[in-house]
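Chemist: Residue strings, one per chain:
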Amino acid sequence: MKTVLTIASNTFKETVRNKVLYNILLVAGAALFLSMSFGDLSVFSRTQVMTDFGLATMSLTGLLLAVFIGAGMLGSEISTKTVYGILTKPVSREQFIFGKFFGLVTTLLLNFALISLVFFIAITLMGADVKISIMDAVVLLAVEMSVIVSAAIFFSSFTTPTLAAIFTIGFYISGHLNDLVDIGTRQQESVIWQTVLKFFYFLLPNLEHFNIRSRVVYDLPVPPDFVTGALCYGVLYTILLLLLSSMVFSRKDL
Amino acid sequence: MRKKLILIILIIGLMSGIVAIQAKLTGIRGLEWKKESITYLPKNLLIKPALLGFETTVANYLWIRSVLYFGDHYITDQNFEYLISMVDMVTRLNPYFYPAYEFAGLMIPDLCRNPDAARVILERGIFYLGEKRWNPAFYLGMIYYKYYGDRKQAAYYFALAAQAKGAPVKKLASLASMFYNQIGDRRASHSVLSFLYETSESPDVRKYLLDKFVSEYAVDKPLNQINTDDF
Amino acid sequence: MNVIELKNISKTYRKGLRARKIPAVVNLTFSVKKNRVTGFVGPNGTGKTTTIKMITGLVRQSSGTVKINGIESFNPQSRQGVSYLSEQPCFYGHLTVNEALGFAANLLRISGKRIGLEIDRVLDIVEMVEKKPVKVKELSKGMQQRINMAQVLLGNPHTMVLDEPMSGMDPPGRKLFRSIFTELKKQGVTVFFSTHVLDDIEAICDDVIVLSKGELVYDGSVMDLLDTGRLGMEMVVFGTVKDEMESLNEIGCIVTEKNNNSIVFVPKDKDYKLVQHLLFSKGKSFVSIKSTSKSLQDLLYHNPQKQYVEHKL
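Protein chains in written order, with the numbering used here: chain W, 1 to 254; chain E, 1001 to 1231; chain H, 2001 to 2313.
Chain W extracted, bound-state conformation:
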């Protein structure tokens, strides 16, 4: 555990100095404040429009952070050979992967918390209340981001940073389109096709489970066990992807 924390701490220090991080944060902050004017332009439902824009900005920010920082992490470690200084010590490849993940996700969650703070300030200035349901939406967005980060690490464990970034974006897109597979399953008459589609539905992640933005913004009910279930789903999927990353990375020649 101490080894994992050492690697995590070093990764945190490394990523927190990454300039790309600050550029993305700057853009996100600007977008959040711009969304206040969007609220005004809509004439009606100002706070709802602004809240929705704010949550959408946070979701996209999480994706950008995961892709730009997560996807290139392992690749840059291998190309600069800094990984040699770690893996030639009594450190297993699994400890390395988990350490990198925890370090990276700590940085991203910290930045996500900063963006959330800006968002809450902005909606409070607009006269809206910061409801528990909005906090639930933000927490689920953070969990979604962790899943995407773990996917980025998984892809970067066996391919180049550019391809890993593309695969991560593909993972995000397929995750949000997975509901179509579910709909397709119900529309199919052939049992074989139903089984195949159902297999793919459960194999691929369903990132829509983390999307309760519209329900939160328009005061539609969200069952409490749904939020807990989505949290568990995100945590399990993250662990699964990290274990798969460790397995792949342990076979990799450095």
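No lab work stands behind these hints: they were computed from the structure.
Hints are not guaranteed to be accurate.
Said to hold, decoys possible - In silico DSSO-like cross-links for lysine-lysine, where the CA-CA straight-line distance does not exceed 27 Å:
no.	chain 1	residue 1	chain 2	residue 2
1	E	K1004	W	K252
2	E	K1165	W	K131
3	W	K2	H	K2113
4	H	K2132	W	K81
5	W	K252	H	K2175
6	H	K2132	W	K19
7	W	K81	W	K131
8	E	K1004	H	K2290
9	W	K2	E	K1165
10	E	K1003	W	K131
11	W	K252	E	K1003
12	W	K198	E	K1165
13	H	K2007	W	K13
14	H	K2137	W	K19
15	H	K2175	H	K2242
16	E	K1004	H	K2007
17	H	K2290	W	K81
18	W	K81	H	K2021
19	W	K81	H	K2067
20	W	K131	E	K1004
21	W	K81	H	K2141
22	H	K2021	W	K13
23	W	K81	H	K2135
24	H	K2258	H	K2034
25	H	K2132	W	K2
26	H	K2033	H	K2175
27	H	K2067	W	K252
28	H	K2067	E	K1003
Predicted model, so just to flag it, every value in this text is computed and none were measured.
Start from chain W and add chains E and H according to the hints.
Modeler: Same frame as chain W, now just chains E and H:
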């Protein structure tokens, strides 16, 4: 070897957990959230899934564009060629966006001279927001009355509007009852008043409805002996 | 006792769309003995770095076994008390010297209180104490290599595996490193390092392992290797030896004259004492008598295959 075995067991366990939770979450979303049936939405509406969960954000953006478009053309040429499709797309992408239905009910029939388009949009609004908002049903009732001269349908929608949360029950009930009476359907009028009486929790509204019923349909019983069976 | 054991190691890489097999190391077997300094030499591209990476667990062998103290190299436990120095310094750019060594010390599970003392100790050895607060990326290549050596010394490892440690070092740096190796040798640390500089092998190493095209061509002590290259004895005699020429030719000596002296070369298969006695009995006096042999360079890189077929273990 042992480590590999533990890893494989762990992965199988994780995948089983994921599948179980996924099934549960899908079930919750399927029952409570996916109100729209596949047949209600046109099958070629691929734009919604293509937006990857950002459909409400795009709807908000489209709404802002619609408002700006309306304002531009209102003060210039009064030609609102694309307004209907813009407002329609807003409600397709975000069926819970109430202002779009308000707009459709008030502006589209008159300014765009297209009550049919407004009718389609408002029916969608009733489907999604009918329980929470009385306005879409009311506007639809007015469209039926004003543009189609169909008092029966108008009365039906006024009665529907009266059942929504926060609706002005007295006024809507009166309207519905009046329209049914005008077309000679006293039975429908009775039904509306009695149904609204039974479902209302407000003592004030119940008294009003009872008085209205009594004033319209004389009953040979003292007031305090009248019960729902008399309706 | 052997610290590092490689048995029938092969490594094949697959390259290109048709996945051509490229052998990097072929059926390699050797051992690194405990408390000895072992050099690892071979021409460029011969598989030295690949072999070292297999020892340190960075690369998985295609076949065979690699063990450190009896534990498979891919097991992180095999690297307890073993340190590795890479050919190029590999530090995180955002860290200072102190932070980089602190990070390495933490990975070695050196206790928090001891870390500061340990960092000071190793920096003192490599003469870089004043560079503690400086970012590693701001140092020159030679200085970075010194920091690299410092991190290898952390925790007093019992075994060190070094990939071209002298690479990029200036002469004072090389001298420092040689003295470090000599000191480590006295302390009984097992050192295994690859190098192109054969003077280092002659000066420091007890044993040497020679690779050529991924295959082992020599595994043994440096002294034995140098012995194989011994040519003979060279005697420099005052004045001329014309009168003794016939006798010397009979023995098989080669005589040349230079600067009014005569240089008599006695091949190693001839008895040089006989020649010495002959010349001395003729009243000749000697300027010098010394053994001549081929340099390690000549032994390894001029017809090495022919040289070492005889001496292969």
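Chemist: State the violated hints by number, sorted upward, taking the hints as numbered earlier in the document.
Modeler: Violated hints (numbers, rising): 5, 7, 8, 9, 10, 12, 13, 15, 17, 20, 22, 24; every other hint is consistent with the structure.
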